[in-house]
Structure formats: C-alpha cells, structure tokens
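*Asks:* Read off the chains here:
Number of protein chains: 2
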Amino acid sequence: MGALRLPSLALLLSPCKSLRLVSRPLLLRLRPSTLKPAASVSGGAGSRGLSSHSLAKEESSLPPPSADRKPSSSYEGSVTPRSVDFNAWYLDVIASAELADYGPVRGTMVIRPYGYAIWEAIQEYLNVKFKETGHSNMYFPQFIPYSFIEKEASHVEGFSPELALVTIGGGKELEEKLVVRPTSETIVNHMFTQWIHSYRDLPLMINQWANVTRWEMRTKPFVRTLEFLWQEGHTAHATLEEAEKEALQMIDVYKKFAYEQAAIPVIVGRKSRAETFAGAIRTYTIEAMMGDRKALQAGTSHNLGQNFSRAFGTQFTDENGQRQHVWQTSWAVSTRFVGGIIMTHGDDAGLMLPPRIAPIQVIVVPIWKTADEKNGVMNAVSSLKEVLHKADIRVKIDDTEQRTPGWKFNFWEMKGVPLRIEVGPRDVANESVVVSRRDIPGKPGKDFGISMEPSVLVTHIKSRLEEIQASLLQRATSFRDSNVVDVNSYNELKEAIAQGKWARGPWSASDAEEVKVKEETGATIRCFPFEQPQGQKKCFMTGNPADEVAIFAKSY
Amino acid sequence: MGALRLPSLALLLSPCKSLRLVSRPLLLRLRPSTLKPAASVSGGAGSRGLSSHSLAKEESSLPPPSADRKPSSSYEGSVTPRSVDFNAWYLDVIASAELADYGPVRGTMVIRPYGYAIWEAIQEYLNVKFKETGHSNMYFPQFIPYSFIEKEASHVEGFSPELALVTIGGGKELEEKLVVRPTSETIVNHMFTQWIHSYRDLPLMINQWANVTRWEMRTKPFVRTLEFLWQEGHTAHATLEEAEKEALQMIDVYKKFAYEQAAIPVIVGRKSRAETFAGAIRTYTIEAMMGDRKALQAGTSHNLGQNFSRAFGTQFTDENGQRQHVWQTSWAVSTRFVGGIIMTHGDDAGLMLPPRIAPIQVIVVPIWKTADEKNGVMNAVSSLKEVLHKADIRVKIDDTEQRTPGWKFNFWEMKGVPLRIEVGPRDVANESVVVSRRDIPGKPGKDFGISMEPSVLVTHIKSRLEEIQASLLQRATSFRDSNVVDVNSYNELKEAIAQGKWARGPWSASDAEEVKVKEETGATIRCFPFEQPQGQKKCFMTGNPADEVAIFAKSY
Numbered sequence: 058m059g060a061l062r063l064p065s066l067a068l069l070l071s072p073c074k075s076l077r078l079v080s081r082p083l084l085l086r087l088r089p090s091t092l093k094p095a096a097s098v099s100g101g102a103g104s105r106g107l108s109s110h111s112l113a114k115e116e117s118s119l120p121p122p123s124a125d126r127k128p129s130s131s132y133e134g135s136v137t138p139r140s141v142d143f144n145a146w147y148l149d150v151i152a153s154a155e156l157a158d159y160g161p162v163r164g165t166m167v168i169r170p171y172g173y174a175i176w177e178a179i180q181e182y183l184n185v186k187f188k189e190t191g192h193s194n195m196y197f198p199q200f201i202p203y204s205f206i207e208k209e210a211s212h213v214e215g216f217s218p219e220l221a222l223v224t225i226g227g228g229k230e231l232e233e234k235l236v237v238r239p240t241s242e243t244i245v246n247h248m249f250t251q252w253i254h255s256y257r258d259l260p261l262m263i264n265q266w267a268n269v270t271r272w273e274m275r276t277k278p279f280v281r282t283l284e285f286l287w288q289e290g291h292t293a294h295a296t297l298e299e300a301e302k303e304a305l306q307m308i309d310v311y312k313k314f315a316y317e318q319a320a321i322p323v324i325v326g327r328k329s330r331a332e333t334f335a336g337a338i339r340t341y342t343i344e345a346m347m348g349d350r351k352a353l354q355a356g357t358s359h360n361l362g363q364n365f366s367r368a369f370g371t372q373f374t375d376e377n378g379q380r381q382h383v384w385q386t387s388w389a390v391s392t393r394f395v396g397g398i399i400m401t402h403g404d405d406a407g408l409m410l411p412p413r414i415a416p417i418q419v420i421v422v423p424i425w426k427t428a429d430e431k432n433g434v435m436n437a438v439s440s441l442k443e444v445l446h447k448a449d450i451r452v453k454i455d456d457t458e459q460r461t462p463g464w465k466f467n468f469w470e471m472k473g474v475p476l477r478i479e480v481g482p483r484d485v486a487n488e489s490v491v492v493s494r495r496d497i498p499g500k501p502g503k504d505f506g507i508s509m510e511p512s513v514l515v516t517h518i519k520s521r522l523e524e525i526q527a528s529l530l531q532r533a534t535s536f537r538d539s540n541v542v543d544v545n546s547y548n549e550l551k552e553a554i555a556q557g558k559w560a561r562g563p564w565s566a567s568d569a570e571e572v573k574v575k576e577e578t579g580a581t582i583r584c585f586p587f588e589q590p591q592g593q594k595k596c597f598m599t600g601n602p603a604d605e606v607a608i609f610a611k612s613y
Numbered sequence: 058m059g060a061l062r063l064p065s066l067a068l069l070l071s072p073c074k075s076l077r078l079v080s081r082p083l084l085l086r087l088r089p090s091t092l093k094p095a096a097s098v099s100g101g102a103g104s105r106g107l108s109s110h111s112l113a114k115e116e117s118s119l120p121p122p123s124a125d126r127k128p129s130s131s132y133e134g135s136v137t138p139r140s141v142d143f144n145a146w147y148l149d150v151i152a153s154a155e156l157a158d159y160g161p162v163r164g165t166m167v168i169r170p171y172g173y174a175i176w177e178a179i180q181e182y183l184n185v186k187f188k189e190t191g192h193s194n195m196y197f198p199q200f201i202p203y204s205f206i207e208k209e210a211s212h213v214e215g216f217s218p219e220l221a222l223v224t225i226g227g228g229k230e231l232e233e234k235l236v237v238r239p240t241s242e243t244i245v246n247h248m249f250t251q252w253i254h255s256y257r258d259l260p261l262m263i264n265q266w267a268n269v270t271r272w273e274m275r276t277k278p279f280v281r282t283l284e285f286l287w288q289e290g291h292t293a294h295a296t297l298e299e300a301e302k303e304a305l306q307m308i309d310v311y312k313k314f315a316y317e318q319a320a321i322p323v324i325v326g327r328k329s330r331a332e333t334f335a336g337a338i339r340t341y342t343i344e345a346m347m348g349d350r351k352a353l354q355a356g357t358s359h360n361l362g363q364n365f366s367r368a369f370g371t372q373f374t375d376e377n378g379q380r381q382h383v384w385q386t387s388w389a390v391s392t393r394f395v396g397g398i399i400m401t402h403g404d405d406a407g408l409m410l411p412p413r414i415a416p417i418q419v420i421v422v423p424i425w426k427t428a429d430e431k432n433g434v435m436n437a438v439s440s441l442k443e444v445l446h447k448a449d450i451r452v453k454i455d456d457t458e459q460r461t462p463g464w465k466f467n468f469w470e471m472k473g474v475p476l477r478i479e480v481g482p483r484d485v486a487n488e489s490v491v492v493s494r495r496d497i498p499g500k501p502g503k504d505f506g507i508s509m510e511p512s513v514l515v516t517h518i519k520s521r522l523e524e525i526q527a528s529l530l531q532r533a534t535s536f537r538d539s540n541v542v543d544v545n546s547y548n549e550l551k552e553a554i555a556q557g558k559w560a561r562g563p564w565s566a567s568d569a570e571e572v573k574v575k576e577e578t579g580a581t582i583r584c585f586p587f588e589q590p591q592g593q594k595k596c597f598m599t600g601n602p603a604d605e606v607a608i609f610a611k612s613y
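First to last, the sequence lines map onto chains A and B.
Under our numbering, the first residue of the first sequence is numbered 58, with each subsequent residue one higher.
Under our numbering, the first residue of the second sequence is numbered 58, with each subsequent residue one higher.
It is worth saying that the hints were derived from the structure and are not from the lab.
Among the hints, erroneous ones may be present.
If chains are identical, the list can't say which one is meant, so a pair holds when it fits in one copy or spans any two.
With a cut-off of at most 27 Å between alpha-carbon atoms, the simulated DSSO-like pairs for lysine-lysine come out as follows [what the hints assert, rightly or not]:
(1) K302 <-> K453
(2) K186 <-> K442
(3) K188 <-> K453
(4) K611 <-> K594
(5) K447 <-> K186
(6) K229 <-> K277
(7) K519 <-> K500
(8) K426 <-> K594
(9) K453 <-> K426
(10) K453 <-> K503
(11) K188 <-> K442
Produce the entire structure from the sequences given, and follow the hints as far as they go.
*Replies:* Have a look at this one:
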C-alpha cells in the first residue's frame, strides 16, 4: 500500500536536505504490529498486528535515506491512507498513534496513555456539566445478582446474550451466578428502592464513571469492545414530565460536547421503537457521521418511564400521601466517543484532533546542527514552552536526538497535534518562529516569522487553535450535509444507501417494514431528528401521512 | 445505647427554645437502617441495617419535641458514641453520614455521593502528583487469563484464594477461565513485554484508576470489601537502583498526602518478609493509627525486582546491546483510605473531616421565624455563599424548611463539616455572623461577630480552615505518640499489645518467631520504620544484635 501514497505538495516543492537514516530499533517503538486483530485480518507470518501491514511489509517501508525537513503529509511506513482502506487506516492510526492495543482476552482493549488522555478530556468536560446540572458522582458494585437482570422483561431480552458471568468466588462455586454489569439500571433501582421514601427524596440524580462488560462477538477498538469505560447517569423523578425534561437535558449536554469540544456535528433525535434501549420508553441519541459515512451512535439518553421502578418496586409517597412509582432516566457516553473523534477528523496522514480535546495542542520541534546552535535553540524552545504553558496551552517539546526533524514532523502530524512550532538557528536569530497547522497541509497552513514575544506568540497560538477548532467543525458539517439525501420513495432510499449516504425521508411505516429496510439495504433508522422540515409529509414507504422524517444509514 | 449519651455542655448552658417536632417521614431519609450487616450484627426484626441500632430503638430515639438551637455534641438518634463501641460507631457514621451502603452481593459496597466526594478529593490530589512525577494514566482490561496469574509463583500463592472467576461469556462456557483483576501486575507485564524493546523505552511509568476484586470473607465498609476502587501505578526501569528510587518516591507521595491533606500522621517504613506483597522483593508502607489504636495499612509501594519481568519475559536491549530483564515497581492507594480518615478523626458526634478533603468545608444555616426575617436572612446567606464560593471555599446552604436549626447543627456536625456559619435576623442587622468549629465543641469553638464584609469573612474562614487542618494533624499525632510504647522484651511487647497500644522494639528474629508473636498476641510487624533510633540495638526476642526497630500492632 506504501506505493499508493503520493508525496505531498510540500515535499515536492521544498529543498532537499540529507538526514540521518532512522535506525531500526527506534522504529520498532512505533511499529503497529503489537496489536492483535479482532478477527484475523492479516495472515503474514510473525504478524500479530491490528495493522493492515504485515511485519515484513512494514520493515520494507522504512523511510528513505534522504527525507525532507519539511513535513510530508503522511507518516511514512505506518498508516494506510484513509482514502485507500478506511478500516485499515483506522486500525493503523490506533496502533501508530499509540492510542490503544488489544488485551490478551479476545475483544478487550488496553487504552494507552495518548488515547486515555483523550478520554480524560471528555471526562473533565462532562464531569463539570453533570455537576452543574445537579448530579452527584457515586459508585455501584459491578457484580449484580443474576436474578436482578431477569426482573425487567425487555431488559433481560436485550442483555442476556451479552453477559459475562462470575460463577466461582474464593475457590467456591457460587449459589447465584453474578453478572458483571453490562449497565446498572437493575442494581441502581435495587438501591434507589432503599433510599427513596417520600417526594422530598426526589429528584435523585446521580452519575458513575465505570467499566462495563458486554460479550460482543464482533469487536473494534473503541467502537465496540468486550469491556469499555463510560459514565452512566441515573435519575428518579416524581413525574413523567420531569423525567422527560431530564432525558432531553442530558442529550443536549452530549450534543454541546460533541459540537463545541469534539467538533462533531451530531444529529440529535429520537430512536425508533426497534432501536430503543432495552427497558426504556424513549431513547434520545446523538448520531455522528464518520469519515466513511457510516453512522456512529455517540451517546444516548433514555426516558425509562416506570419500567424499572415497577420491576423493582421503587416507590415514593407523594404530597397527597399516595404511594407512586418513580419516573426514571439513564444516559451514557463511553470510550466509543474516542473512536468517533478519530473517524470524524482523521485524514490520510493520520489522526487530527480538535484543539479543545487534544492532549498536546502544540508540539515544538527544535532544529540544529552544531552544539552552538543547539544551545541557542534549546534555550529559545524552553522559554517558548514556559510561555505557552503559563497561558494554559498544552505544549510539548520533542527534543529526542535519535530522530530527525522531518521524522518528527510526520510523527506528530500522525498523532494529530493541531499546531507545530519549528525553531531553528535562523529563527532564534530573528526572534521568530514558524507555526504550522495540522489541518491545512503545506505552505497555506504555515505562518512564518511569528514573533517570539510572549504576548504576540500566545495571542497567535490561541487564535490559531480556535480557528482550527472552528474549521474542523465546519469541515465535518459540510461533509455531513453533502452526504445526507432527502428521499421520497423507497427506491430513492436504496440508491442513497447504495452510494454510502444517509437518507432522510418521511416515515410512519411499521416495525416490520423497518426490519425489511434493514435486511434489504443494511440501513437502520438512526433517529427521528429533532430538527424537522415544515409542511405535510407522506411516508415514503406506505404513502400514509407521516408526522416526521427519519434518518436511515448504515452504522457501526 | 442512647441512654449512655451525655448532653453536651453547650446544650446544658444554652437557653431552651421550642422547635417543631421533626416529622417521621423526614427522619426516614436519615435512618441508618438501610445498611445490611456484613456479619449479622443486630437481630432486631425488620432491621437490615449496618447500624448498631435496631429499627425499634431508632424510632424510640427520635429527637425530643423541644431541642436547642445551639448544637448538642451528638447527632441524636443515629450514631453510637465512639467511646462506647468503636465498631458500632464506625458503621453508624457510615450509615448516618450517608457515606456508603451495602450492595446486594455479600461484601460489596455502594459508595454514596458524600463518601465518593471524599474519594474524589483523594483522586484529585494524587492524580496531579502522579503526573508531576512523570506518570501517565491509562487503562488495562479487568479480565485476565487464569494462566497469567499462575506465572509468578508467590503471586499465585498470595492471590488464588481470593479470586472471582468468569467462566461463562455470551452464553457459552469459556475455554479458559478469566480472573476479574485482583491487581494488574500480570496483565501489565504481558503488555509491557510488547512495548519495551530498548533502554530508550525506559523508564515506562503508568498509572490506572480502576476497580479491583478480592473475594474477602470478612468485609467492612471501605476497609475491606469484595470490590474496591484504587489507583495502581506500574513502572519499569533499566536498573534496580532506579526501581528502588521510584518505590521510595511513591511511598513519599502517599506520606505527604496523608500528612498534608488527610491530616493522618502515618508511620512510613518497610514491611517484614512475611508481610511483603506477593511477588515483590520489598514493600514500603504507610501505617496509620485508628481511633481504636488498631493499625491500618493505608498505602503500599512495592519494589518488584525482576520477579514479574522474569515470569513474563519483559526484556530490553541495554546500551551495550545486551538483553536484560526490566526492574519494576507497583504502588496503590484505595478507597480504604476513606475508612482511615473516618477512623482517625471521628468523635462521639460523628465524622470529622480535614478541611482540605472535606466535600463541604462550610455549612451555612439560615435562621428565621417570620417571612420578613426570612427575606433578609436568605439574602444575606446567598451573598455569603457567593463570596465564599468565589474564594474557592466549598460552601453549602442548608435551607430546607422541614428541619429545625438545631437539627441541622447536629446533622452537619455528624457529617463532619469543619465550619458552620449561623445567620439569624440579629446577625443580619449587625452585618456579622457566628462561625463554629467542628473540632472544638461549645463556646470555645465559636467566633462571634465576624463581619460579613467579604475580605474580612474570607480571611477569617480561610485561616480557621487552616487551623482546623493543623489541629487535626496535631491531635492525631499526639494520640499516636502517646500510644506507641518502646519495648525491650517480649513481655513488654505483650503488655503493650494487651493494652491496645503499638509496640516498638529492636527485632532481628526469624519469620517463625514473627508468626509466634502473631499467634500469641494478635499483633504483626506493621513495618520497620524509616525513622530509626540511634545506637546499638539488641533484638528483644532473641538478644541478638538488631539493625532496626520494628513496630508491632494489631491491625485491620
């Protein structure tokens, strides 16, 4: 696949400069071959990698002896271009950018520091919002008696095929099997029943950050793993209206996170009956369009009605002294969102991170030849770092001596760092730096001669980061909008789906017809979007009047 | 037990004031009867509480119809005095202060918002320190193939009796049983082996915040539960010296946290061979003296040597091109620390929290009778809150109308909030408030006429919080020091232990003699403290020369 990679314009236009050959042991650190495939993807001997490359292929794709100090748009030797094979690209990016690795148990994932730092950025934002909206964090045990799962009829139907069961504890067979939580509604209700007595105990609004386990057969790093990390909110209210308001409030928190932090223009809406959470009366969702135009359900918020409170007897005494079942919600966002970020913004060169959630916002690459130059450059670079750090910009210096500047440019591009600052001896002499944007390759993405004067530099960097943040959202929005097709017949839907697009059309047909669409096209109703076109609508399938349009798409 | 409670001096000295009878449904919210006992503590019909009170007792100990607006030193009706029964007091505090509840599976614990907030304070501090010392967070799967546990001989011996095993996944019997992690050294080494190639990959320093499972037979909330939350650090180094330095650095981080944040004067030292972690060559520990003078191991840091790297083949190529096994450490602090905080500082009236980790540092209680008074008081209280909140003081207003001020005073004392501000109509007129300290009961702990002027008030509150923080540490240190006895013979040790104290004496005897001490006295070597007395020492057991003194104590 290496042969398919085209040199970037920047590479072709810039002067050649000889660099040391990158030594093999160093490259090994970055080889994507340490990931085991979920299904056996590549059969190459010695290859256990999640990467699409076999080890042999990889070693033959070492960087050429002469590379350029200016960045090429791709990180040679590691990432399959996105345009060539989206799935291979995704797995390569995860391996090369050191986001995750497979665990020893099939379908499990080790989240590596760089990937985990993205999750931490998600946590930090949401945790504040949850508290601002009146929720407290707490922690429920992960072992749930099997009998709990069976109490809510549709819940057990939805989850029982995916359960991991503990049957032995402390060397002994257990009397009752324990479920490793796939979600916590049942145990939450068991406890709520003990804590809720009167209307004065309501609303009860909590959240927990936890790991959950679902025995998935087809796994994919971040998107679907046997164990994953998430937050799950659980609330209990005195009325249906309050629960509905809460469910809507939380899907809005997720939407804002997606737009404002992750730069993902999700579509917010309501799930169809068939796609509603097992145990909910209504599920709201944010649906994101990935780079391959498949949909990713990136967060959900459920109005549970009284389904669980009836199953578990979670009651309160209302202001009139009557016993009533509480009305509940639950809502969750998981490490799957990290996959959504990768697949929304990445390009042929690798990962591209929105500045607000990038673990490193600015990478500083010092460039020198002589010891004398090194002193000057390193001094300049250190004070740059301090200046940016003080301005709350997440900055890192790559001063390893084993790698060439060109290699570093490619590497940090592949890691998706939004901005790069290059500092060479001439820059030090001029007291200025070159600032390069990750999202715009080559010269158009570079600002030359930016003064090192702290206030000037900080202002420049901050405004560039905001521009990149806005630009990523804008780009993703255009991409989404150009790939959603309005359809008025089943044939039009089929055509849109066959082209890999999303189809939006009036829908009031039956669950059975929804299944038929899925079987015949592979697409499901992603949601009935909150934003609905004006005017009368006719179901494209039946011709009957329809209240709403639905969005159909293939999905992860 | 309620009969044993003496009214506080404050209660006897202050003028009586009639208050509404607290209605029963409200009290139900706070009753400690929702906790199930670990072992069956109380046999009262209908009582499932972890509390020492039976439900009947509880209901008969409702507050009397007239209570005082000045605080009594105990939260009537809920907490057994610590001086009467330490264990019952501990369980009562956990129930009444709503720190935790038992989960449905024996030995599991639900950490409620107030208890979880203490854990969050621990996390926030340590997380920053871990990053400052060069560690990155990441996440390993919790399911570990059973064969991994068997690879390190002493590790399997130490952990196999405590394992929870998943044997069924997705409805099918698994080919290999999966261990729900009791700790992660094995899976960490499995991954490190894939990531570490050359000396340039070292040191590798990571941490994870996670849940772990150990099938304990005798459980106690926070102190020992079937599942608990912790952080586990794991590092790999090129030399033994570096690993040793790291292990020492991390036990020092824990020590600083204990002293400076939790106000717990831990003793730092090295574990005896018998008490060393299963798989380590050396274990460092911080040992805390609880209010009943039992020792609590509050954090450990292990030098693992090459035990795991040899078992898992975790090797690197050194600067001379030689393959070597890495040298490793691991270190952990868990939710057990919350138990340590409760048992170090609490008193007969309930919990007492060090200001730096208190979820609420200042509780504001507004007091009024007429609607007119209410307006003035609530306005004053709102602006107080804003002022303190802006100064980064964690403040809460208790403005519920269902409870009397006196009830609130007792309640928030029982919850351990360091400072209380009372605001009545007269205070509003005088533009001043009364500030009461949790750690000093009655008048001596009160500051009258503190101006509401923002800068004055903030300065006063901040300095009082610092005083309380220092005072709690000082008090705990005096208590500890007056309960450690220097011993020079086995008889002296027996006497000290029989008195419930800690014994410190020179020790160079055998492991067998250590076992004998345990069997005969119930005490174990808690550590060989880093701080050692000068001069020659003779083992108090054998009379042989001894390099060090050891500390013996009964422990949790």
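*Asks:* For each hint, tell me whether it holds in the structure or not.
*Replies:* Checked hints:
{"no.": "1", "hint": "K302 <-> K453", "in the structure": "between (43 Å within a copy, 26 Å between copies)"}
{"no.": "2", "hint": "K186 <-> K442", "in the structure": "between (30 Å within a copy, 20 Å between copies)"}
{"no.": "3", "hint": "K188 <-> K453", "in the structure": "between (31 Å within a copy, 14 Å between copies)"}
{"no.": "4", "hint": "K611 <-> K594", "in the structure": "within (24 Å within a copy, 77 Å between copies)"}
{"no.": "5", "hint": "K447 <-> K186", "in the structure": "both (25 Å within a copy, 18 Å between copies)"}
{"no.": "6", "hint": "K229 <-> K277", "in the structure": "between (34 Å within a copy, 21 Å between copies)"}
{"no.": "7", "hint": "K519 <-> K500", "in the structure": "within (20 Å within a copy, 54 Å between copies)"}
{"no.": "8", "hint": "K426 <-> K594", "in the structure": "neither (69 Å within a copy, 60 Å between copies)"}
{"no.": "9", "hint": "K453 <-> K426", "in the structure": "within (21 Å within a copy, 60 Å between copies)"}
{"no.": "10", "hint": "K453 <-> K503", "in the structure": "within (19 Å within a copy, 50 Å between copies)"}
{"no.": "11", "hint": "K188 <-> K442", "in the structure": "between (33 Å within a copy, 17 Å between copies)"}
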